[in-house]
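**Student:** Just so we're aligned, residue 204 is where the sequence shown starts under my numbering, counting upward by one.
Calculated directly from the structure, the hints in this document are not laboratory data. Be a bit skeptical, because a hint or two may be false.
[What the hints assert, rightly or not] The calculated DSS-like cross-link candidates involving lysine-lysine, where the alpha carbons are at most 30 Å apart (straight line), are: (1) LYS294 <-> LYS210; (2) LYS314 <-> LYS294; (3) LYS439 <-> LYS294; (4) LYS391 <-> LYS294; (5) LYS439 <-> LYS391; (6) LYS210 <-> LYS313; (7) LYS294 <-> LYS224; (8) LYS352 <-> LYS388.
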Amino acid sequence: MQVVNRKGEREDVRFDAILDKLRRLAEGLDPNWVDPANLTKLTIEGLYDGVTTRELDQLAAETAASLVSQHPDYSKLAARICVDDLHRSTKDQFTDVITDLREYIDPESKKHAPLISEEVYNIIMENAEVLNNHIDYNRDFNYDYFGFKTLERSYLLRLDGEVAERPQHMLMRVSVGIHHGDIEKALKTYDLMSNGYFTHATPTLFNSGTPMPQMSSCFLLTMQDDSLHGIYDTLKQCAL
């Protein structure tokens, strides 16, 4: 049985190569419960001839996630497999990713459709070395499977349907989008978010740094009275 690698070349499925990778990604997890050899065996059982290495990674991650009832560390391993795959398919430099997002051309209209605002783009480029050097991509491996898949599905920016950002790219984009030219505060915000001390609300993570940076969250108001007058008085209060 053969797999198709990222270069489009076919090669034989090697149990030891898959096992070595899973052992590397499982470092620091509970060795009494997390069994890379068994996970490799289960993964290979689900393969077919001509599967791509990306599909192999996806199968390994899904298989690891299915074992989470045995030990929660399997969720961490599943996420690490996904992150490792994402790192192989995305650019390393934060500024390279931001440039791609800024210069994006819509394939249908053939028009410039930037995903990053001009102001934020210029700030990032002016501070490229500091921002690039500050990002710690190892922190991407701190997510569990559910957390990473949530980011991948909804939060990380895409180009032509493919995820272009890594979690650390997103967090730095959000930080600069909030603090603009105050790079010291942007870096502090990035560190706090990437180390899990806090996170911003969904609208901020979605939109910070983009051409339409609408970052306010929803909020609830109690109607003044259960009547038309009460409803519209409440709306008037919001408007004012």
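**Student:** Each hint should be assessed against the structure and marked as holding or not.
**Tutor:** Evaluated hints:
1. Restraint check for LYS294 and LYS210: the C-alpha separation of about 16 Å stays at or below 30 Å, so the hint holds.
2. Only pairs whose Cα atoms come within 30 Å are accepted, and LYS314 paired with LYS294 is accepted, the gap being roughly 24 Å.
3. Between LYS439 and LYS294, the direct Cα distance comes to roughly 48 Å. Violation of the 30 Å bound is thereby established for this hinted pair.
4. The straight-line distance between the Cα atoms of LYS391 and LYS294 is roughly 23 Å, inside the 30 Å bound, and the hint therefore holds.
5. Taken as a hint, the LYS439 and LYS391 pair is broken in the structure, with Cα atoms around 39 Å apart against an allowance of 30 Å.
6. Proposed proximity of LYS210 and LYS313 is supported: the alpha carbons are some 28 Å apart, at most 30 Å.
7. The straight-line distance between the Cα atoms of LYS294 and LYS224 is roughly 21 Å, inside the 30 Å bound, and the hint therefore holds.
8. For a cut-off of 30 Å, the pair hint linking LYS352 to LYS388 stands: about 28 Å separates their Cα positions.
When held up to the earlier numbered hints, the structure conflicts with 3 and 5 and fits the remainder.
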